[in-house]
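Just so you know, the sequences run in chain order A and B. If you read the first sequence in our numbering, its first letter stands for residue 178, the second for the next number, and so on. If you read the second sequence in our numbering, its first letter stands for residue 7, the second for the next number, and so on.
Just so you know, these hints were derived from the structure itself, not from any lab. Treat the hints with caution; some may be incorrect.
[Said to hold, decoys possible] Computed cross-link-like contacts, SDA-like style, restricted to lysine to any residue with a CA-CA straight-line distance of at most 25 Å:
no., chain 1, residue 1, chain 2, residue 2
1, B, Lys177, A, Tyr586
2, A, Lys409, A, Asp463
3, B, Lys132, B, Lys170
4, B, Lys165, A, Asp463
5, B, Lys168, A, Trp512
6, B, Lys36, A, Glu414
7, A, Lys331, B, Val70
8, B, Lys38, B, Phe175
9, B, Lys170, A, Trp512
10, A, Lys440, B, Leu243
11, B, Lys38, A, Gly492
12, B, Lys165, A, Lys409
13, A, Lys239, A, Trp512
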Amino acid sequence: MAKIILIGANHKTAPVALREKLSFSSEETIAALEILKQDKDIKESLIFSTCNRTEILYIPEKGDQVDKIIEFISRQKKIDISEFKSSLYVYKEDEAILHLFKVASSLDSMVVGEPQILGQVKQAYRVAVSNNASGVLLNRMMHKTFNIAKKVRKETGIGDNAVSISYAATELANKIFSDLSQKSVMLLGAGEMAELAVEHLISNNVRQIIVANRTFKKAVDLAGKFNGKAVKFEEREDTLQDVDIIISSTGATDYVLTETQVKKAMKKRHHNTLFFIDIAVPRDIDPKINNISNAYVYDIDDLKNIVESNIEQRGKETVKAERYIEEAVVKFRKWLESLAIVPTIKALNEKMSSIVDIECKKTLSNLKHLSQEDINAIKRMTQAIATRTIHDPILFLRNTGDHRDDSLYLNVTRQLFNIDKSEKE
Amino acid sequence: MNLQTADIILKITTMLYFTSMAGYLLFLFKQKSIYQRTAFYLITTAVAFHLVSMIIYTMSTRSVPIQNLSQSLSVAAFFLGSMFLFFQYRFDLKILGVFASVLLFVIMLAVLIIPDAPVENNAILKGFWFYAHIILVFTGEAALALACGAGILYLLQEKGIKTKSPGFFFKRLPSLDLLDNVGYTCLATGFALLTIGLVTGFIYAKTIWGRFWSWDTKEVFSVGSWLVYAALLHLRLYSGWRGRKSAIMTIIGFLIIIFVFLGVNMLLGGHHQDFTK
Numbered sequence: 178m179a180k181i182i183l184i185g186a187n188h189k190t191a192p193v194a195l196r197e198k199l200s201f202s203s204e205e206t207i208a209a210l211e212i213l214k215q216d217k218d219i220k221e222s223l224i225f226s227t228c229n230r231t232e233i234l235y236i237p238e239k240g241d242q243v244d245k246i247i248e249f250i251s252r253q254k255k256i257d258i259s260e261f262k263s264s265l266y267v268y269k270e271d272e273a274i275l276h277l278f279k280v281a282s283s284l285d286s287m288v289v290g291e292p293q294i295l296g297q298v299k300q301a302y303r304v305a306v307s308n309n310a311s312g313v314l315l316n317r318m319m320h321k322t323f324n325i326a327k328k329v330r331k332e333t334g335i336g337d338n339a340v341s342i343s344y345a346a347t348e349l350a351n352k353i354f355s356d357l358s359q360k361s362v363m364l365l366g367a368g369e370m371a372e373l374a375v376e377h378l379i380s381n382n383v384r385q386i387i388v389a390n391r392t393f394k395k396a397v398d399l400a401g402k403f404n405g406k407a408v409k410f411e412e413r414e415d416t417l418q419d420v421d422i423i424i425s426s427t428g429a430t431d432y433v434l435t436e437t438q439v440k441k442a443m444k445k446r447h448h449n450t451l452f453f454i455d456i457a458v459p460r461d462i463d464p465k466i467n468n469i470s471n472a473y474v475y476d477i478d479d480l481k482n483i484v485e486s487n488i489e490q491r492g493k494e495t496v497k498a499e500r501y502i503e504e505a506v507v508k509f510r511k512w513l514e515s516l517a518i519v520p521t522i523k524a525l526n527e528k529m530s531s532i533v534d535i536e537c538k539k540t541l542s543n544l545k546h547l548s549q550e551d552i553n554a555i556k557r558m559t560q561a562i563a564t565r566t567i568h569d570p571i572l573f574l575r576n577t578g579d580h581r582d583d584s585l586y587l588n589v590t591r592q593l594f595n596i597d598k599s600e601k602e
Numbered sequence: 007m008n009l010q011t012a013d014i015i016l017k018i019t020t021m022l023y024f025t026s027m028a029g030y031l032l033f034l035f036k037q038k039s040i041y042q043r044t045a046f047y048l049i050t051t052a053v054a055f056h057l058v059s060m061i062i063y064t065m066s067t068r069s070v071p072i073q074n075l076s077q078s079l080s081v082a083a084f085f086l087g088s089m090f091l092f093f094q095y096r097f098d099l100k101i102l103g104v105f106a107s108v109l110l111f112v113i114m115l116a117v118l119i120i121p122d123a124p125v126e127n128n129a130i131l132k133g134f135w136f137y138a139h140i141i142l143v144f145t146g147e148a149a150l151a152l153a154c155g156a157g158i159l160y161l162l163q164e165k166g167i168k169t170k171s172p173g174f175f176f177k178r179l180p181s182l183d184l185l186d187n188v189g190y191t192c193l194a195t196g197f198a199l200l201t202i203g204l205v206t207g208f209i210y211a212k213t214i215w216g217r218f219w220s221w222d223t224k225e226v227f228s229v230g231s232w233l234v235y236a237a238l239l240h241l242r243l244y245s246g247w248r249g250r251k252s253a254i255m256t257i258i259g260f261l262i263i264i265f266v267f268l269g270v271n272m273l274l275g276g277h278h279q280d281f282t283k
């Protein structure tokens, strides 16, 4: 029976410097797949490489070919084996299937539940298919992978919770305002933190971004980056009238916005909602502002708390997801086992016999005048026809030739005779 | 077509309302859209059946079914259901269905339990102004009930965000802005309908009793609740009473309406008494 092997390194086993060295660009992937395809010892292969992982999934012709693949990586990436061998993991059989299912379902990601990974896996599969590197086993396995990843996303809450500060802030903003594209953001302080925080909001296309900073030039620079507007730091109080979300990250030791200032601004803006995100330490926004109606203040600790409780929630969902995945591995394993020669021949014989039985019963029940001997003769004859019919196909399956792929013909046979129908969904 | 048919259809309607509530509660907990869709179809069918039942009743008795408490509540439920369908269509605020279906359940349960008091044909409960008064007041109050529902949802969501502990409702409810907006639209619609409803009531009173205003207890309380809503709208438009305060006021306003609808007749009497006997 064919073996499934997966060799790789990810963010848990290798530092980023090493991951960079091991990663395959799309051109490199195509070139590498081409070489693996020429290799007589490798039947099928697929290379999956993102910034967090590089993995090679393959089906060897004989043996496990692990050393060969490690050498191959070393040659392709021009990196010494000793440098990366200790960071590699090698999974075989069920472990390999389990790992792939987990990766695609985003259980193995740096941020568990992040949605991009499935698309990346699909892309890797497309590349393998279009270069004819994958075959019947990997194709089937990848399709099962997509199914399980979709199921995990749909049936568990794994992708539901915001687990980064920036994302949590955006989620809150979305629960306060109905349409962020109509809302304006003011950045207090032009530091890197501010930039990181608005990253998500900007991908939500807010209406306008206004930057206020003590050094005006820096405000202008940052505003230029976001196509926004720069104002003097002293203008921040008046600007409260025109914005809805305030993100503050100044290095000030005292509050840069006080309760009285915001109360005054609230009146001018007809008590339309204000959302303050304070990521500065020490804090910039007076926490008492949260007591003003229609004003909401979240500081860095509040956001961290939300993220933590979300991570906890995600942990619970992970358990559920793992159960689905283990079930899927068992199912796939069953299919793999059925893809051997003996069970296929057995299933084929059973199918033919059952057809013969059914047809004999139908016909003989209408032929009451026949003697028992006649009936037996007819039964023998029909059975013989069936056996002869599948005799040659079975001979062929037993010996498909030296360089042919058994699993391919077995798969075709199972499909032609519709043997797997119980497994189809 | 007779009273019995109307009654059977009303029973079916009640069952539909009940199952629709079950659907909405499932939707609240499981968050699967299939539950919401099913519940929505159920409530739509229920409203249609309800209308058929009322039409049959009206045709067979030659009078509208609002002559005792059970009938009045049933009519109120019908208008609440219709108003909900309208606002659902307008805002697609699916979660409001949880509130509407639970309220419908409570009303219809009351309709089932309260004995159907004998009805004598009352000649004065007819005419254009009478029907206009009834329809406008009932639709107005239904809209105000939904405003109360939106207010409750707003308070639930607001509490989570304000106290920085987003919990069960955080994901299930839409944004504060949207809830406030829905509440306001329901409020404004309800207020407008109620205003015209009261005016038509005065005109009707004039045609029957010869005077617009007769210090009937229900008249007094109705105008009282109208003033509460008028004050709320004024505060909202001119003093920025939006969000939490506005939500609390719509809930208080609706409680007053419930009192005016039930309490005044039962406790204080007056010429509206017949509708709730």
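For a quick check of understanding: which of the numbered hints are violated here, in increasing order? 1, 3, 5, 6, 7, 9, 12
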